[in-house]
Amino acid sequence: MDKTFATAAEAVADIPSGASLAVGGFGLSGVPITLIRALLDREVDGLEVVSNNCGVDGWGLGLLLAEGRIRRIIASYIGENKEFGRQYLSGEVEVELTPQGTLAERLRAGGVGIPAFYTATGAGTAVSDGGMPLRYAPDGSVALASEPKELRPFTTFGRSREYVLEQAIRTDYGLVRAAVGDRHGNLRFEKSTRNFNPLAGMAGRITIAEVDELVEPGVLGPDDIHLPGIYVDRVVELTPEQAADLPIEKATVRPRPAASATDRGDAAEPAAAASAEEAR
1 MDKTFATAAE
11 AVADIPSGAS
21 LAVGGFGLSG
31 VPITLIRALL
41 DREVDGLEVV
51 SNNCGVDGWG
61 LGLLLAEGRI
71 RRIIASYIGE
81 NKEFGRQYLS
91 GEVEVELTPQ
101 GTLAERLRAG
111 GVGIPAFYTA
121 TGAGTAVSDG
131 GMPLRYAPDG
141 SVALASEPKE
151 LRPFTTFGRS
161 REYVLEQAIR
171 TDYGLVRAAV
181 GDRHGNLRFE
191 KSTRNFNPLA
201 GMAGRITIAE
211 VDELVEPGVL
221 GPDDIHLPGI
231 YVDRVVELTP
241 EQAADLPIEK
251 ATVRPRPAAS
261 ATDRGDAAEP
271 AAAASAEEAR
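Quick note on UniProt numbering: the sequence shown kicks off at 1 and runs consecutively.
Rather than coming from a laboratory, the hints here were simulated on the basis of the structure.
Among the hints, a few may not be true.
Said to hold, decoys possible - Straight-line distance between alpha carbons at most 30 Å, and here's what the computed DSSO-like set of lysine-lysine pairs gives: (1) Lys82 / Lys250; (2) Lys191 / Lys3; (3) Lys82 / Lys191; (4) Lys250 / Lys191.
Take these sequences, add in the hints, and give me the full structure.
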């Protein structure tokens, strides 16, 4: 039952070129960066990646993208990754843009064995009608477009509307980042890192988790476990340096107001002096 691996390199050693990967993370939060870097060192290519976004230039999945290792991406948005946008528009990578909630449910459905589901999101748009550019040609024309999806009317809450059929996603591997994990693979995630990490872990046939802290089985209570070990096959404990590698995608700051005398503690000085005089 001990699923721990000594290093990230050992944990990803069998991932071949052409594999499909469900990768956790939301922006730069909860990205399994150590596993990604270990995969980068292996020089595998032709990867199909499913993730909310594809990292940023120089970090996260952006590292694999910049080296030309990714063939196809299923994501919610291109985000701040200029290289992602460049490769998409130049026809170097195939991109299936999917509504964020739909992507989350496609991953979850794959993890629980539901082959497809109907959703109102995207019905009557290019999502269901087809024609969305999946791959561009070098001259800027559309080389490959999405196919139409099945629509079906349902009546809910007394209202009839059309719903689009979406296919579940199941990948060869899942790569996730957790705050705490035990040797049996039970995982706990911190705050917004829960957005896509549990779903990516569920969707992978073989799921590999990097964890900030490794604990013994039983330390995590049942209510503290966000992804049960039944979904997790390998666990790698990060070093303190690796765990602390948490960049900020966009720093938003404002000028700090000038400190008042009270904030500086100046007002307390006369009172302290008076008290000292009284004590004497």
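So which of those numbered hints doesn't the model satisfy? none
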